[in-house]
Amino acid sequence: MGLNIQFGETGILNFAYIGFVAVGSYVTGATSLPKANTGIGAGQHYILGLNLPFPFNLLAGGIVSSLLAVIVAFIALRRLRTDYLAMVLISLSLVLYDVCNNFVPLFNGPDGLYNIPEPMSGIFHLDSNQFVGFFAGVTGIFALIMWLFMSRIMNSPLGRTFRAIRDDPGVASALGKNIFKYQITSMVIGAFFAGIGGGLIIQFGGSFNTSAWLPGETFVVFAVVIVGGVGNNLGLLVGSLLVETVLVHLPAFLPDIPGHTGLIQYIDAMLIGILLWAMLWFRPQGMVPAKVRSTASLLKKYALKKNPDLQNVEVK
Amino acid sequence: MSTNEIAIGAPILSCHELKKSFLGVVAVNGASFEVPKGLITALIGPNGAGKTTVVNLLSGMMKSDSGTMHIGNTDVTNWPDYKIAAQGLMRTFQLSRELSGLSVLENLLVAKRIQSGESLFNIFFRNGLVKRDEAVNIELALNTLKKYGLYELRDNRASALSGGQKKLLEIARGVMANPVILLLDEPMAGVNPALIDKIGEYIIDLKNQGMTILMVEHNLNIVEKICDFVIVLAEGKTLATGRLSELRADEAVVRAYLGEVINANTSS
Numbered sequence: 051m052g053l054n055i056q057f058g059e060t061g062i063l064n065f066a067y068i069g070f071v072a073v074g075s076y077v078t079g080a081t082s083l084p085k086a087n088t089g090i091g092a093g094q095h096y097i098l099g100l101n102l103p104f105p106f107n108l109l110a111g112g113i114v115s116s117l118l119a120v121i122v123a124f125i126a127l128r129r130l131r132t133d134y135l136a137m138v139l140i141s142l143s144l145v146l147y148d149v150c151n152n153f154v155p156l157f158n159g160p161d162g163l164y165n166i167p168e169p170m171s172g173i174f175h176l177d178s179n180q181f182v183g184f185f186a187g188v189t190g191i192f193a194l195i196m197w198l199f200m201s202r203i204m205n206s207p208l209g210r211t212f213r214a215i216r217d218d219p220g221v222a223s224a225l226g227k228n229i230f231k232y233q234i235t236s237m238v239i240g241a242f243f244a245g246i247g248g249g250l251i252i253q254f255g256g257s258f259n260t261s262a263w264l265p266g267e268t269f270v271v272f273a274v275v276i277v278g279g280v281g282n283n284l285g286l287l288v289g290s291l292l293v294e295t296v297l298v299h300l301p302a303f304l305p306d307i308p309g310h311t312g313l314i315q316y317i318d319a320m321l322i323g324i325l326l327w328a329m330l331w332f333r334p335q336g337m338v339p340a341k342v343r344s345t346a347s348l349l350k351k352y353a354l355k356k357n358p359d360l361q362n363v364e365v366k
Numbered sequence: 518m519s520t521n522e523i524a525i526g527a528p529i530l531s532c533h534e535l536k537k538s539f540l541g542v543v544a545v546n547g548a549s550f551e552v553p554k555g556l557i558t559a560l561i562g563p564n565g566a567g568k569t570t571v572v573n574l575l576s577g578m579m580k581s582d583s584g585t586m587h588i589g590n591t592d593v594t595n596w597p598d599y600k601i602a603a604q605g606l607m608r609t610f611q612l613s614r615e616l617s618g619l620s621v622l623e624n625l626l627v628a629k630r631i632q633s634g635e636s637l638f639n640i641f642f643r644n645g646l647v648k649r650d651e652a653v654n655i656e657l658a659l660n661t662l663k664k665y666g667l668y669e670l671r672d673n674r675a676s677a678l679s680g681g682q683k684k685l686l687e688i689a690r691g692v693m694a695n696p697v698i699l700l701l702d703e704p705m706a707g708v709n710p711a712l713i714d715k716i717g718e719y720i721i722d723l724k725n726q727g728m729t730i731l732m733v734e735h736n737l738n739i740v741e742k743i744c745d746f747v748i749v750l751a752e753g754k755t756l757a758t759g760r761l762s763e764l765r766a767d768e769a770v771v772r773a774y775l776g777e778v779i780n781a782n783t784s785s
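The listed protein sequences correspond, in order, to chains A and B.
Here the first sequence is numbered in my numbering, starting from 51 and rising by one per residue.
Here the second sequence is numbered in my numbering, starting from 518 and rising by one per residue.
Hints in this document: simulated from the structure, not taken from any laboratory.
Please note: incorrect hints may appear among the correct ones.
To be verified - If you want the footprint, here are the derived chain A segments under chain B, 3+ residues with CB under 8 Å:
hint : region
1    : 200-211
2    : 221-230
What the hints assert, rightly or not - Quick list of in silico lysine-lysine cross-link-like pairs, DSSO-like style, CA-CA up to 30 Å:
hint : chain 1 : residue 1 : chain 2 : residue 2
3    : A       : 231       : B       : 580
4    : A       : 231       : B       : 648
5    : B       : 600       : A       : 231
6    : B       : 648       : B       : 664
7    : B       : 715       : B       : 664
8    : B       : 580       : B       : 754
9    : B       : 724       : B       : 664
10   : B       : 742       : B       : 664
11   : B       : 600       : B       : 648
Quick reminder that beta carbons are idealized off the backbone N, C-alpha and C, glycines included.
Whole structure, please, built from the sequences with the hints as guidance.
As structure tokens, then:
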């Protein structure tokens, strides 16, 4: 959803998306752990160590990710458009990866963070198995809240301005829209969502390290958006079910092909690539194409309820 | 002084010694002129005279190399385009640039200049205000669409419109922003004759509502019919300004541009 507002709605090719997810994840982890090398954090090196309770640690993840977006936007977005911006963001993703992997004092290098306390299991006295089900529910609630939040933005005049910038930044600017301002807004919202998403990953799994976010993962997220349908939430749901669940996670449950350990993963990656290519070629609008917002729906939403003067505008 | 206080016929938009070159090729070479308020002014000149570049400079899409420009008394030299739009100058494009993924109605709605619903804070905390404003905007947009004969197409994607319809959409979108000055870059290029007359009527109508119009136009019959004032550009410079009837007596203008047209008219 975060990438959808950046790419699907505002047209920013954020190839560093997974980097924002990772930052959110690390920060959530590091803020929920106690000071480095004490208690459950023994043997790990990291900054922060604030021992924040859920959901404040998650919020911290989102906020730091947004801050990173602001910095990136001021440096890169201000001057660069489309292709060049995409290249800068790919490199950003690689730089973030290398820093996290090699600079151990930051987030414990390649080992990553682990032993993250299970949120709220203390309050509800849950054991590990119960926690999985419980937290899946919590994640679901978060997803629902984010969905509602995003729908509200996308259906508002702000969302419309985002789409105008996607279609033609020159025209949007000529119409008096300060496109830089809107692009920053979009970047920050998207990065916040990425951060929260990353935070949920580390809370769920209890650990997070560099093997979980190879920069190439960004393209899986792009595949989700493109396969599902650019610019709408329902498409994202379809896209993530299809790409993430069926193609990325399901193969892990398939038995190995005898004599070719790991072959399935490679076939899997190829399948995602082929699917992406085929979608772009044959159905660029995605599985669930974004609908044009009709006059009738706009009138229903804004006008007929509150403004009686408008009832004489005929609707066919 | 705000642009409201300027008398009709007094200059509202002016530029002085505007220059712009692209990699050494001089496109605009010291253009200076004034656009009178509340009238329709034509910007004419042979191909390559720098008309579109002047429009790009005036609307802030390009920065000039030197020279100044004013809207009313405000110096807007090299302001970015969105700020110039906020000063009340709106432009259309020679090749229609519709917002292709948006519906025709949304193309208009997006053009409204100040919208409460474009603020993230308002969307979540002042929803009532956003809804009221949006209702007013929708009504205005639907009425504008009716006026320009695009009402039936309101729910189509803008990319699905025909060339002529896109031209109308460009104008309607500009009008929706309710500008003080409307810059039309060849509003009638590539449009069938019946629609040309229609667009001419729309433009006169806008003038009657008090809008200032500067249009780039090639067809001198139209210029003669609807424009009050003419600016002739040649080789990036202002060659002459005045009424078309006066300019016909000007030898330099005739040589640069009008010659063939006048000859054609007299011989027929």
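Taking the hints in turn, this is what the structure says about them:
Counting residues of the region 200-211 of chain A whose beta carbon lies closer than 8 Å to any beta carbon of chain B gives 7, which meets the minimum of three for the stated coverage. Judged by the Cβ-Cβ criterion of 8 Å, the region 221-230 of chain A is covered by chain B as claimed, because 9 of its residues qualify and three suffice. Of the pairs offered as hints, the one joining residue 231 of chain A and residue 580 of chain B holds, with about 20 Å between alpha carbons and a cut-off of 30 Å not exceeded. In summary, the hint linking residue 231 of chain A to residue 648 of chain B is supported, as the alpha carbons are separated by about 23 Å, within the 30 Å threshold.
About 13 Å separates the Cα atoms of residue 600 of chain B and residue 231 of chain A, which keeps this hinted pair within 30 Å; it holds. A hinted pair counts as satisfied when its Cα atoms are at most 30 Å apart, and residue 648 of chain B with residue 664 of chain B qualifies at roughly 24 Å. Of the pairs offered as hints, the one joining residue 715 of chain B and residue 664 of chain B holds, with about 11 Å between alpha carbons and a cut-off of 30 Å not exceeded. Annotation: proposed proximity of residue 580 of chain B to residue 754 of chain B holds, straight-line Cα distance about 17 Å (limit 30 Å).
For the hint pairing residue 724 of chain B with residue 664 of chain B, the CA-to-CA distance comes to about 15 Å; that is within 30 Å, so the pair holds. The hinted pair formed by residue 742 of chain B and residue 664 of chain B meets the criterion: a straight-line CA distance of about 22 Å does not exceed 30 Å. A threshold of 30 Å between alpha carbons decides the hint, and for residue 600 of chain B with residue 648 of chain B the separation of about 26 Å falls inside it, so the pair holds.
When the structure is compared with the earlier hints, no violation turns up for any of them.
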